[in-house]
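Visitor: Build out the structure end to end from the sequences listed, making use of the hints.
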Amino acid sequence: MNKNGKENWSSRLGVIFAVMGSAIGLGNFLRFPGLAAQYGGGHFMIPYFLAFLLLGLPIAWAEWSMGRMGGRRGFNSSPGIFYTLWKTRGAAYVGVLGLLVPVGIYMFYVYIESWCLYYALQYLQGGLDLGQDPKSYVDFFSKYTGQNADGSLFHNGLATSVWMLMLCFALNFLIVYRGLIRGIEWVSRIAIPLLFLCAGIVLVRVLTLGAPDPALPDQNVLEGLGFMWNPDRNGISLLQNLSQPRMWIDAAGQVFFSLSVGFGIIITYASYVRAGDDVALSSLTSASGNMFAEVALGGLITIPTAFIFLGQQAERVASKGSLTLGFMAMPNIFANMPLGSAVGFFWFFLLFVAAITSSISMLQPAIAFLEEGLGIGRRVSVALLAFITAVGCGFVVQFSEDLRALDYLNFWVGTLLIYVLATILVIFFARVIGVDAGMDEAERGGLIHIPRVFRFILKYVSPLYLIVLFGAWLYYDGPAQWEKLREDEVARYTVFFVLFLGGFFATLVAAAVRRWRALEAGQ
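Note that the sequence shown ends on residue 523 in this note's numbering; no numbers are left out.
What the hints contain is simulated information worked out from the structure, not anything from laboratory work. There could be a bad hint or two in this list.
Beta-carbon label-pair distances, calculated as ranges [said to hold, decoys possible]:
#1 G127 with L281: 42 to 48 Å
#2 T160 with I190: 23 to 29 Å
#3 A296 with L121: 41 to 47 Å
#4 L121 with G394: 20 to 26 Å
#5 G226 with G434: 45 to 51 Å
#6 M166 with Q244: 40 to 46 Å
#7 L374 with Q312: 42 to 48 Å
#8 L121 with Q312: 29 to 35 Å
Restricting the straight-line Cα-Cα distance to at most 27 Å, the calculated cross-link-like pairs of lysine-lysine (DSS-like) are [stated by the list, open to error]:
#9 K320 with K87
#10 K484 with K320
#11 K143 with K484
Ideal Cβ positions, reconstructed from N, Cα and C, are used throughout, including at glycine.
Guide: The structure is reproduced here in structure tokens:
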């Protein structure tokens with residue numbers, strides 16, 4: 001606690017682990033390898049690293065700077081930080097997206113997290129040995145997640161997947177209820193080393209596979225690594241790949257999702273940093289740890305393993321999406337792998353640990369707002385947010401056919417609104433706070449000096465990059481999404497639900513603004 005009774009991180013290592021835990025999630029081990037394989041491995045790394053250097057890292061520094069500035073003035077939530085840093089009518093309402101994005105993503109992310117825990121427990125008990133027929137694993141996952149019909153998980157009582165969701169849901173809120181230091185930081189300090197340990201065990205097993213099938217000597221670990229990273233393996237030249245707007249959009253989206261920038265999470269976490277603590281190096285360390293998990297671990301495990309057992313079909317499987325790769329293809333691969341049950345357990349337990357450190361971070365921004373905005377205690381804040389997110393999780397579970405509600409929430413909140421919030425943050429930082437003032441704040445108490453070129457990048461390059469990408473993204477994805485809105489009632493329900501949730505948070509922000517003004521007038 002600080003002198004005003006507000007919580008602070010107990011140490012620099014604690015906040016690094018917490019932010020790293022927020023960043024390292026399912027996207028590192030499933031989404032990134034699939035995208036890299038889809039776009040030619042080495043070719044994909046060009047837009048990926050450019051997005052990291054021109055968007056991810058600069059915006060992370062901006063969020064850390066804004067968060068600490070707001071925290072020094074007594075605010076820990078996005079609405080409060082915008083309210084205190086931008087003295088204009090309606091500033092706090094900009095922060096609504098900083099609540100809507102993490103809470104909206106949590107509603108489907110915790111459901112996927114519960115799948116990881118269930119699969120890990122099944123491997124631990126030896127209950128996921130379905131033979132060597134790939135279709136059996138597809139059918140198992142489809143039935144477990146209720147993809148055959150909406151509401152099927154509520155027929156004849158609650159399905160196992162719903163009970164597992166409730167378990168993970170309760171575990172998340174128990175951790176958040178314990179607070180910043182005894183909850184989030186304590187779990188992150190344990191989970192991050194455990195995550196790297198599990199990833200190391202799986203990676204060692206993958207790199208020692210050799211060529212498991214003597215009849216297919218070309219499907220070995222070295223060829224698997226080449227399949228992942230050789231830039232010309234698919235016959236498409238570098239220029240052809242780089243001319244695909246879709247690849248640039250996906251690369252930027254991956255950087256946003258994996259670094260947690262544009263979520264409203266970093267800005268909240270940074271607000272708990274003490275005034276003189278380093279944020280420049282902490283931000284760089286967290287981002288680097290995330291990139292290591294993504295490139296060096298995720299990139300060396302998933303697709304190379306799939307190639308060893310599936311051959312050239314690995315790319316086709318990866319192109320179907322991260323859920324297909326993680327929950328249908330990988331279990332089939334483990335069934336054909338020596339010591340596959342043990343590796344399967346460590347793999348899904350790794351995914352669960354990565355997921356829970358991310359999901360608890362998605363709850364803290366709203367908790368911080370409810371406490372400081374409405375003046376209510378931790379218990380009531382947790383109970384209110386639990387009710388809100390339970391309704392959202394119920395929406396995802398109810399409309400389970402082909403996982404449509406999950407997919408639509410992922411698009412509208414987990415993709416569209418992240419771009420919007422990231423664009424708002426970088427423009428606000430550059431034009432309202434001012435790049436020089438903001439970067440001076442980022443370097444205050446810092447153990448490193450941020451190269452001055454990043455001031456130019458944040459002022460001109462990052463906003464332009466985001467606007468161009470956003471326009472291209474709307475051009476390529478907009479018509480398809482509009483067509484889905486016209487044809488699919490679940491898509492319309494999802495949009496209405498997101499708008500309702502945004503309106504609900506906006507109403508709470510209005511009440512918070514009145515309270516903050518009254519407190520200021522009382523002073």
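Visitor: For each hint, tell me whether it holds in the structure or not.
Guide: Going through the hints against the structure:
1. G127 with L281: 42 to 48 Å: 45 Å, holds
2. T160 with I190: 23 to 29 Å: Holds, at about 27 Å.
3. A296 with L121: 41 to 47 Å: For A296 and L121 the Cβ distance comes to about 28 Å; the hint is violated.
4. L121 with G394: 20 to 26 Å: 23 Å, holds
5. G226 with G434: 45 to 51 Å: 48 Å, holds
6. M166 with Q244: 40 to 46 Å: 42 Å Cβ-Cβ, so the 40 to 46 Å window holds.
7. L374 with Q312: 42 to 48 Å: Cβ of L374 to Cβ of Q312: about 56 Å, so the range 42 to 48 Å is violated.
8. L121 with Q312: 29 to 35 Å: Between L121 and Q312, where Cβ atoms are some 33 Å apart, the hint holds.
9. K320 with K87: 47 Å, violated
10. K484 with K320: 19 Å, holds
11. K143 with K484: The hint holds at about 25 Å.
Going down the numbered hints, you'll see the structure goes against 3, 7 and 9, while the others check out.
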